[in-house]
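Place chain B on chain A using the hints.
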Amino acid sequence: MFYRENGQFKTSYKADQQVFPILQDKIGVWLLIAAAFIVVPMFAGDYFYQAILIPLTIMCLAALGVNILVGYCGQISLGSGAFMAVGAYGAFNFMVRIPGMPLVLALILGGLCATFFGILFGLPSLRVKGLYLAVATLAAQFFSDWMFLRIKWFTNDSPSGSVSVSHLNFFGIPIESAMSEYLFCLAVLVVIAILAKNLVRGAIGREWMAIRDMDVAASVIGIRPMYAKLSAFAVSSFIIGVAGALWAFVHLGAWEPAAFSVDVSFKLLFMVIIGGMGSIMGSFFGAAFIVVLPIVLSLVLPAIAGAFGFQISTAGISHAEFIIFGALIVWFLIVEPHGLAKLWSIGKQKMRVWPFPH
Amino acid sequence: MAFFLETLFGGLMAGMLYALVALGFVLIFKASGVFNFAQGAMVLFAALAMARFAEWIPQWTRIDNKIVTTTAAFILAACVMFIVAWVIERLVLRHLVNQEAATLLMATLGITYFLEGVGQTIFGSEIYKIDIGMPKDPVFLFDSVFEGGVMVNQEDMIAAVIAAVLVALLSVFFQKTKTGRALRAVADDHQAAQSIGIPLNRIWVIVWCVAGVVALVAGMIWGSKLGVQFSLTTVALRALPVVILGGLTSVPGAIIGGLIIGVGEKLSEVYLGPFVGGGIEIWFAYVLALGFLLVRPQGLFGEKIIDRV
Chain A
1 MFYRENGQFK TSYKADQQVF PILQDKIGVW LLIAAAFIVV PMFAGDYFYQ AILIPLTIMC
61 LAALGVNILV GYCGQISLGS GAFMAVGAYG AFNFMVRIPG MPLVLALILG GLCATFFGIL
121 FGLPSLRVKG LYLAVATLAA QFFSDWMFLR IKWFTNDSPS GSVSVSHLNF FGIPIESAMS
181 EYLFCLAVLV VIAILAKNLV RGAIGREWMA IRDMDVAASV IGIRPMYAKL SAFAVSSFII
241 GVAGALWAFV HLGAWEPAAF SVDVSFKLLF MVIIGGMGSI MGSFFGAAFI VVLPIVLSLV
301 LPAIAGAFGF QISTAGISHA EFIIFGALIV WFLIVEPHGL AKLWSIGKQK MRVWPFPH
Chain B
1 MAFFLETLFG GLMAGMLYAL VALGFVLIFK ASGVFNFAQG AMVLFAALAM ARFAEWIPQW
61 TRIDNKIVTT TAAFILAACV MFIVAWVIER LVLRHLVNQE AATLLMATLG ITYFLEGVGQ
121 TIFGSEIYKI DIGMPKDPVF LFDSVFEGGV MVNQEDMIAA VIAAVLVALL SVFFQKTKTG
181 RALRAVADDH QAAQSIGIPL NRIWVIVWCV AGVVALVAGM IWGSKLGVQF SLTTVALRAL
241 PVVILGGLTS VPGAIIGGLI IGVGEKLSEV YLGPFVGGGI EIWFAYVLAL GFLLVRPQGL
301 FGEKIIDRV
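Residue numbers (the numbering used here), protein chains in the order written: chain A, 1 to 358; chain B, 1 to 309.
Keep in mind the hints are simulated off the structure, nothing from the lab.
For every residue, glycine included, the Cβ atom is placed at its ideal position computed from N, Cα and C.
Fair warning: there could be bad hints in the mix.
Only part of the chain A face toward chain B is listed, based on derived beta-carbon distances under 7 Å [what the hints assert, rightly or not]:
#  : residue
1  : Ile-76
2  : Arg-127
3  : Val-135
4  : Ala-139
5  : Phe-142
6  : Trp-146
7  : Arg-150
8  : Ile-273
9  : Ile-312
10 : Ala-315
11 : Phe-322
12 : Phe-325
13 : Gly-326
14 : Ala-327
15 : Ile-334
A few chain A residues facing chain B, derived, Cβ under 8 Å [stated by the list, open to error]:
#  : residue
16 : Leu-131
17 : Ala-134
18 : Ala-136
19 : Phe-143
20 : Leu-333
For reference, chain A alone in the conformation it holds in the complex (with noise of 0.2 Å):
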């Protein structure tokens, strides 16, 4: 088979250090990206960039901020939606109060607002884990569900709490076609998780996952708790927030706090626990998986029950989904914890050792 490293040596610690210490690897991620970046403008239409393709980067961008903190550092957050809301609110503050705000500047600016939120909030994981970290993370959700609506300042008084913002461009280059705006957010997203990759495997990625593993066992080799939780809480929120800024600005357009929701951070985490929890590549299997998966069952379903001769009603649906959901999530924690980043890893593994087994 073409993937094996078989005559690939490696004669300097940097060689041995890459990202894709495969050379194959390297040259796939490299095709992929620039296939996403060429190939696909080249065919997309502007149904499939608004269904599919722009929430799909987006989504794999705050799966990737969800995947830090529960994945790589191992505290459950079911607040993420907080952290997109504040990241968007906090972009559209800058962008509005600011005249001529850079929208880079805005997203950035917008991501550390998420910070210091998700700091705030993650303060509480330093006296307690596990379950009551998640109804902690929860009041950051509740909170910021009122705060963005109640709160008139931060919507600049508007009277329903929805806002909207127009005329985004990059540096001079609008970003006004489904097209452009696909390509912004996917360059966003390949430079974050470029970092991320790079940040989970230097030190401090080796300290958060040190805390997820044992986290008693981490303080006494002299790993600090309180920096390693608080810098995953920083980094995941963050990203997060960047993500809210752009599901904000460039996918919906003008927005209300219901946009945020408790049921978006359910279904981050569903994707990271689909995906793979502790994996940049899982994010993005999980992220696919539950964009995608609602649009196929609206496409499938009908179709299977015309077949059996009975109509499947829109609400029928959206059943389905909560079912095949739930029923997914229970079968991966049971089957296969580690999610789709696995599979892809066994294949990986197949592909290495064939034609022998092991």
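Chain B in isolation, oriented as in the chain A frame:
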């Protein structure tokens, strides 16, 4: 003063209902260490079942006696909850023995979605009424002390009485019966309980059944008050801080926590809300629980099980 008392009573009554939902959480956590996020979905599922059975039974059997149909609907719904408990144990919990608490929590999240979907597919997703014949008129207490008296909803009082009876029954069940003793043994130490011959799987089914019945009662009361609909699941989210405040393993904690949260919510909404724009009921309980966690992580009556780093 009369207004304050009215608010206080309202809070106590609401708190009693929170306590009822919280009780479901505590029961399951006590006996199996599973933080059952699906309690809210179970409340919805049970209430939906009961509302629809009460509607269907007259159509099936042509018996038009309200007491008979209500009782039959309750029993049928309870049976459905037994089946749900058995299926959950069989298909989910059995495979997740000795997993981390976080994994189990996420599994119950999956169960939540599953139950919500199945419940609404089988029983429909409209707003249904549960009518168990509770009097709706308000009564006025302390007429002689305050002008106009203190208005209290009769419905609320009956609900509180039902909840209190249920709690008393559960305490007796836990303290006096053989099964109750086995449950407490399992709660203390799974392995030790198993080694003296207590069947873990059966205990789990029993606990989930009991939690299902508690969910049914909670759903019945909430449903007759507000109607059965999807938003009932959010009741569970309201009951979470109650469990945290009271301590995860304590039945009295759930009740006192529920009362504190109920009263705190109403009082804060009335007296604090106007200053910050209202609607603080939603997060007040959570922030209260959060603050409490920082001071006393195990809750009011909880056992000190959290190992700090």
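Hint check:
Taking 7 Å as the C-beta contact cut-off toward chain B, the hint placing Ile-76/A at the interface holds, the least distance being around 5 Å. Checking Arg-127/A against chain B by beta carbon gives a least distance of about 5 Å; that is within 7 Å, so the hint holds. For Val-135/A, the suggested interface contact is upheld, since its CB lies about 5 Å from the closest CB of chain B, less than 7 Å. Against a cut-off of 7 Å between C-beta atoms, the interface hint on Ala-139/A holds, since the closest Cβ of chain B lies about 4 Å away.
The closest approach between the C-beta of Phe-142/A and any C-beta of chain B is roughly 4 Å, which is under the 7 Å cut-off, so the hint is satisfied. For Trp-146/A, the interface hint holds, the least distance from its beta-carbon to any beta-carbon of chain B being 5 Å, beneath 7 Å. Hint status for Arg-150/A: holds, given a least beta-carbon distance of 4 Å to chain B, under 7 Å. For Ile-273/A, the interface hint holds, since its Cβ comes within 7 Å of a Cβ in chain B; the closest pair sits about 6 Å apart.
Given hint, Ile-312/A at the interface with chain B, is violated; its Cβ is 10 Å from that chain's nearest Cβ, farther than 7 Å. Here the hint on Ala-315/A is kept, as its CB sits about 6 Å from the closest CB of chain B, short of 7 Å. Because the smallest distance between the Cβ of Phe-322/A and any Cβ of chain B comes to about 3 Å, under 7 Å, the interface hint for this residue holds. This hint holds: Phe-325/A has a C-beta 5 Å from the nearest C-beta of chain B, less than the 7 Å allowed.
The interface hint given for Gly-326/A is met, as the beta carbon of that residue sits about 3 Å from the closest beta carbon of chain B, less than 7 Å. Hint status for Ala-327/A relative to chain B: holds, with the closest Cβ pair at about 6 Å, below 7 Å. At its closest, the beta carbon of Ile-334/A sits 4 Å from a beta carbon of chain B; the interface hint therefore holds under the 7 Å criterion. Nearest Cβ of chain B to the Cβ of Leu-131/A: about 4 Å, under the 8 Å cut. The hint holds.
For Ala-134/A, the suggested interface contact is upheld, since its CB lies about 6 Å from the closest CB of chain B, less than 8 Å. The criterion of a C-beta within 8 Å of any C-beta in chain B is met by Ala-136/A, whose closest approach is roughly 5 Å, and the hint holds. Here the hint on Phe-143/A is kept, as its CB sits about 5 Å from the closest CB of chain B, short of 8 Å. Residue-level restraint check for Leu-333/A holds (minimum Cβ-Cβ distance to chain B is 5 Å; threshold 8 Å).
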